[in-house]
Amino acid sequence: MKLSGDLIEVSVIGGYLGAGKTTLVNHILREASERVAVMVNDFGEINIDESLIDSSDENTISLTNGCICCSLVDGFATALESVVSFRPRPTRLVIEASGVADPGTIAAHGHGPGFALDAVIVVADAVRLIEQIADPLVGQTVAGQIRAADVIVLNKIDLCDTLTSVNAELSELNPKALLIYTSEAKADLDLLFGREILRTVSSAGHVGTFESRTHESTQPILRENLEALIKNLPSDIQRVKGIIRLAEAPRIPMVFQLVGRSWDLRALADREKSPEGNRLVVIGPKGSIPIAWDNFLR
Amino acid sequence: MNPAVPVAQAIAVQGDRILGVGTVGDLAQWGDYELDEQFKDHILMPGFVEAHSHVMAGAVWEFPYVGFYDRPDPLGHTWLGCQTIAAVVDRLAECERELKDPDQTLVAWGLDPIFLEGERLVAKHLDQISVTRPIFVFHASGHLATVNSAMMRRSGIDRYTPTPGVAKDFDGEPNGELQEPAAMSLAQDGFSAIGVAMMSSNAKWNYAREARNCGVTTIADLGTTRLTMEGQLEAWREATDDANYPARVVVAVGHFDSNSIVSLAVRLRDEEETPKLRFGIVKLVLDGSIQGFTARISWPHYVNPPPGHPGNGLWLIPPEQLADIVSGYHEAGLTVHCHCNGDEATQVFIDAVELALQRHPRWDHRHTVQHSQMTTAAQYKKMAALGINANIFSNHIFHWGDQHAAVTIGEERAARMDACATAEREGVVFSVHSDAPITPMSQLHTAWSAVNRLTASGRVLGPEERISVAKALEACTLGAAHQLKLDHDIGSLEAGKLADFAVLEEDPFEVSPAELKNIAVWGTVVGGTPHVASSK
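Top to bottom, those sequences are chains X and B. If you count the first sequence from 1, position 242 lands on 242 in the numbering used here, and the numbers rise without skipping. If you count the second sequence from 1, position 208 lands on 208 in the numbering used here, and the numbers rise without skipping.
In short, the hints are calculated from the structure, not lab data. Computed from a prediction, not measured in an experiment: that's the story for all the values here. Any given hint could be a false lead.
No more than 20 angstroms apart at the CA atoms, straight line, and that leaves these computed lysine to any residue pairs for SDA-like [stated by the list, open to error]:
| no. | chain 1 | residue 1 | chain 2 | residue 2 |
| --- | --- | --- | --- | --- |
| 1 | B | K168 | B | D158 |
| 2 | X | K286 | X | I237 |
| 3 | B | K497 | B | A243 |
| 4 | B | K124 | B | R91 |
| 5 | B | K168 | X | P113 |
| 6 | B | K168 | X | T105 |
Kindly generate the complete structure, drawing on both the sequences and the hints.
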């Protein structure tokens with residue numbers, strides 16, 4: 001459901017060099033369930049499976065899932081005009097800002113004719129963030145980007161052993177942003193694009209009081225382990241969703257949904273599209289998701 | 001500007017090149033000649049070389065000018081300054097009557113509200129001109145525009161428009177002022193007009209006419225991504241191939257995605273050059289502007305920034321990425337010209353060039369710090385050691401020097417900004433530039449600014465950084481030619497070089513240094529062909 005009628009919703013992706021913006025863009029292009037147009041600075045970095053590419057030319061790549069990727073070489077205004085003219089029309093525009101850009105300034109373009117700004121998403125490198133913010137050359141740039149975010153994708157948490165201090169830094173710079181923990185920038189697109197928040201979280205408080213983690217594993221899970229886990233779920237966790245495979249029937253991908261204390265598990269209709277292994281997205285108040293959860297699927 | 005023959009009676013030209021310089025008697029050894037005495041009462045200088053300007057200087061003249069100061073256009077007509085809101089409205093009303101198509105947007109430029117007394121010009125003033133025709137007026141800063149109600153209606157700008165920068169009055173209605181690109185681009189057909197005009201043939205001609213009118217024979221359009229657009233290379237070729245086109249143009253490719261730009265710039269240099277159209281330069285923009293508080297300045301940063309300023313300026317390229325970007329162009333044999341207004345930006349560029357040289361030693365690259373406004377003595381010394389050139393924005397002293405001393409960087413650093421004397425002392429090959437249309441094109445003015453360092457209020461800012469007339473004129477000719485890698489062909493008057501002259505009414509070495517900018521220009525000679533200035 002779109003709140004903005006026929007307007008194309010705009011997500012701006014900012015974040016400093018190396019944080020994982022392009023990885024996130026590639027992830028979005030692969031997983032999108034709507035027609036997304038992506039504008040990128042560095043066209044050469046777009047890395048999509050050949051099989052997904054429908055056609056491409058110097059300044060655009062069309063994908064078989066309806067997404068399209070175009071270059072910003074001629075500037076925003078020109079790129080925005082061409083996005084409106086794409087047929088079929090995209091429902092969402094994702095603008096990848098350059099590594100030093102203020103994504104807030106770019107977001108101002110998201111109100112142009114035919115567009116509605118959704119959110120500023122800033123990708124941060126969990127390993128290097130503290131060092132970057134202290135850097136005399138780029139510290140102000142990085143901190144400014146974090147401050148401009150509606151959603152912070154804290155990336156590379158699998159490589160970070162100072163998560164507590166990173167969290168403290170983030171909550172000081174921008175306590176209002178929704179925090180999504182990721183590795184390889186695999187953020188849940190429903191969360192990233194605000195739909196999940198609208199559905200489940202907004203009634204419980206401001207989005208900025210929430211965080212999310214995605215847990216992935218490869219081995220099918222025993223049903224009793226899953227049930228034990230739900231039983232021991234920290235009480236303030238409101239929402240868990242994802243696709244898992246049970247040890248009892250490892251070839252059938254199951255959709256898991258938990259809202260409040262009620263949960264549901266059913267076979268996925270379209271098995272072809274399902275990823276291998278398990279992937280669960282957990283959403284809860286900031287600080288409520290124990291890292292121990294990383295082990296729960298094992 | 002040939003130190004071996006600084007002054008001569010005559011110059012012999014064959015085809016588009018100089019056969020010799022000397023007395024008529026000396027030159028007679030080359031055989032029969034035809035004596036052309038049309039310039040016997042003029043001074044011939046090497047044609048001035050403006051190594052940092054933009055074709056936009058020609059494009060703006062597609063539209064009426066409503067700035068505060070008088071400004072001559074490329075065709076020689078001087079547009080009187082509009083010194084009141086009423087004068088702006090009258091000028092625009094006159095232009096509006098000349099437009100035939102009632103739907104065509106009236107676009108104007110140069111408005112500078114800080115000079116206009118009384119209330120601020122807003123939509124209601126422009127509505128006096130027309131309530132049906134959209135009107136879009138660019139401000140001189142380039143950061144703002146003011147539009148009328150018809151323009152807002154056509155663009156869907158109303159009290160509900162959420163875009164930041166759409167200025168609103170106390171009742172919440174938009175007042176017609178659009179601040180910064182996101183807001184200005186809502187009025188798309190006005191905002192894009194100058195960019196569209198830049199691609200026209202007429203803009204390219206007016207750019208060269210503007211050069212001719214001030215004695216400039218070679219202009220660098222420093223940094224465009226438009227060469228990737230269909231038909232733009234051909235449009236440049238068509239203009240510059242015309243025998244009447246009165247300038248040589250160096251079109252620098254603007255950095256974007258470096259892999260494709262490297263191959264584009266190399267192809268242009270190797271395959272597309274003609275006598276009047278040259279390539280081989282890539283332009284990078286590393287930081288913002290000092291007067292906009294967006295230049296990257298080393299500690300102690302800005303002295304009196306506006307409230308809410310983050311403390312330092314903006315990077316437009318991640319500093320740690322610069323060495324890789326520079327290396328890519330450097331290894332391809334291209335020359336990198338990097339916009340560095342602040343000294344922190346200069347340092348990052350110097351470090352990037354040093355790293356590129358360690359990776360890939362290469363002599364005589366002539367990479368250039370553009371603007372180089374706050375470059376320090378230590379940085380100039382390092383630049384000399386690495387072979388880096390400078391193109392110094394000397395006109396800033398006149399146009400913004402007072403503000404730099406009072407508001408941006410403070411007295412001490414303002415006194416040593418645009419430090420031509422330091423560059424000379426440390427042995428850096430340098431030029432001076434106008435960045436037209438940011439300041440009006442005129443190498444006599446940029447030289448005057450470097451020689452006198454007078455601000456708009458009339459004070460001498462940093463007397464120690466003044467340079468001699470001879471050095472300033474060398475900077476505007478050979479210095480600029482050197483950083484464009486054209487000094488084998490232009491920049492001085494000597495046998496074998498192209499016959500490119502500035503034709504002046506007075507001798508710059510004879511007038512008082514304070515009068516340098518007032519020397520009248522007859523026009524130019526480009527490749528042996530005279531081009532009279534339009535005011536003549």
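Check your understanding: Looking back at the hints listed earlier, which ones does the structure fail to meet?
Key -> none
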